[in-house]
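Asker: Going down the list, the sequences are from chains A and B. In this text, residue positions in the first sequence follow this note's numbering: the first is 152, and each later residue adds one. In this text, residue positions in the second sequence follow this note's numbering: the first is 454, and each later residue adds one.
Hint data in this document are derived by calculation from the structure and do not stem from the laboratory. Glycine included, every Cβ here is placed at the ideal spot set by N, Cα and C. Watch out, some of these pointers could steer you wrong.
Here are the computed distance ranges between Cβ atoms for each label pair [as the list claims (entries may be wrong)]:
hint: 1; chain 1: A; residue 1: K288; chain 2: B; residue 2: R480; range: 22 to 32 Å
hint: 2; chain 1: B; residue 1: L517; chain 2: A; residue 2: H313; range: 24 to 34 Å
hint: 3; chain 1: A; residue 1: A294; chain 2: B; residue 2: L569; range: 57 to 67 Å
hint: 4; chain 1: B; residue 1: L517; chain 2: A; residue 2: D340; range: 27 to 37 Å
hint: 5; chain 1: A; residue 1: L213; chain 2: B; residue 2: W607; range: 36 to 46 Å
Straight-line alpha carbon distances no greater than 30 Å define the calculated BS3-like cross-link-like pairs of lysine-lysine that follow [stated by the list, open to error]:
hint: 6; chain 1: B; residue 1: K713; chain 2: B; residue 2: K676
hint: 7; chain 1: A; residue 1: K233; chain 2: A; residue 2: K360
hint: 8; chain 1: B; residue 1: K683; chain 2: B; residue 2: K458
hint: 9; chain 1: A; residue 1: K233; chain 2: A; residue 2: K378
hint: 10; chain 1: A; residue 1: K337; chain 2: A; residue 2: K360
hint: 11; chain 1: A; residue 1: K233; chain 2: B; residue 2: K482
hint: 12; chain 1: B; residue 1: K482; chain 2: A; residue 2: K214
hint: 13; chain 1: A; residue 1: K288; chain 2: A; residue 2: K214
hint: 14; chain 1: A; residue 1: K248; chain 2: B; residue 2: K482
hint: 15; chain 1: A; residue 1: K342; chain 2: A; residue 2: K262
hint: 16; chain 1: A; residue 1: K262; chain 2: A; residue 2: K248
hint: 17; chain 1: B; residue 1: K683; chain 2: A; residue 2: K262
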Amino acid sequence: MEYRRRDLLKASLFTATLLTVGCSPRLAEREEFIRPPGALPESQFRATCIGCNVCLNLCHALKFNSLALAGGWRNFGTPYVKDMRDYPCTLCMECPKFCPTHALQPVSIEKVRMGMALIDLSLCLGWNGDVCLSCSKACPLGASIFDFYPGDWGNQPMINEHCKGCGLCVKHCPVGISAIRVLTWKSYDQKKNDYRSGVERVLAMNPEKRYAWVYDQNMPKILEAGKVLERETR
Amino acid sequence: MKLAKFTLARRVVLLVILGLFFFQLFRSKILIGGLTGSLILHWVNLLDLFAFLESALSSRSFQLEAFYSALPVLIFYLIMGRAFCGWVCPLDLVFRGVNRMKQRSKNLPAWTRGALLAPAGFLIFAALAQIPFFASHVSPITNFYRSISATFFWAGGLPGEISVLSISILILGGFLLLEFLWPRLWCKNLCPTGKTYGLFNRLSFLHVAITGEECRECQECRKACYMGVKILPGNGRTKIRDSSCIICGRCVEACSAQGKILKMRFGR
């Protein structure tokens, strides 16, 4: 095989085009995704995953359908858990066992860190005078994940940082638009302090203030949220 | 018309594999994934060799388990040579359909002829950009299987993103256009996946053998070969070891000596 100067020029042009497309800062914008269990750290995961769809189709074959393919330039074709309201991850741990490139690594359930679930106190029935605890009953790791604050207003649930982020609690929340949202660890770290101080504030309220908070502020919100989406049992 | 037995066998193999992958949409666990990476019988992982190289380079780490997934593929194609392209790759069938639409024998652009241009380019790019760009974004094989799954999921109302479906189909369309403009440019000169398997043609057990019978140089074999391999006259060669030979057997079928000169052979 003979190479001419022009070949070299065209080859470098080819590579340059690819480089511009891939590295242009606008396209390289990063989004955060909730990855399947056992995933490597985000940048490492993106570098290893070849988009072969084994996890996606395995999840489908096992009738869970939790995974979806991400769009965008950097994450194109990589799996993430999209719709936790209807299709949470069940932590069956099959996809990490069979990832061909080991972008998902087979770890025990205790070591999974997909994300962190946060309860919206203003929507949660347990924090607004009802006895619900659906989330803690749905959680596959139950007692090690949930802390409870028993008080005059019932047994108020709180999710601690052992949370795996599977989203089963999101699905089983009886409030129309689930009172729980799962965040990636990165965005959780940003919101952590605000959230903790919010919890402290609610716990420190005197009975009159708490009554006003529940009935004047939260009840209309909860009733509205319940109407948003009729719960479907799947 | 002669019974084209290799073509028939090739199509059967291709369609059986495609069908097994298709049944994953209906919850069969015989073959899961796609030809870039797959899972057989809920038991063994397979991983395309170029995808393995690219993933290792872009993540800058050697995953032993990923190598174990690539190992069965490596061993199989050390034995079978570049038979992947002729017998398994679904794009062979798709491109054949495009070729039928209009016969064109345009000269391929000369600059694409560099043997390592595309594989090396994609590997370097993967290492720099830290994403396995060819395997996950470009590869027509990945996009083929991805668009099937994405279409099914979209039609069934399962979670997914419409942009992934449309972009996959767009990329596939780009490959069809490329095939329409320059037939087999991709397969012959560019496809990194095929070129990787082509390296094994020198060692493979399965190959097209040339017997010592006299050849009348009718050139039927070269007309039949869409990979542009120089087949006959053999000039003393006994085996075709060209890295673009996809061992499809079309030359054997086309040979006017009816299998006396060219033979598909398995063995050293």
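Asker: Tell me, in ascending order, the numbers of any earlier hints that this structure violates.
Answerer: 5, 7, 10, 17
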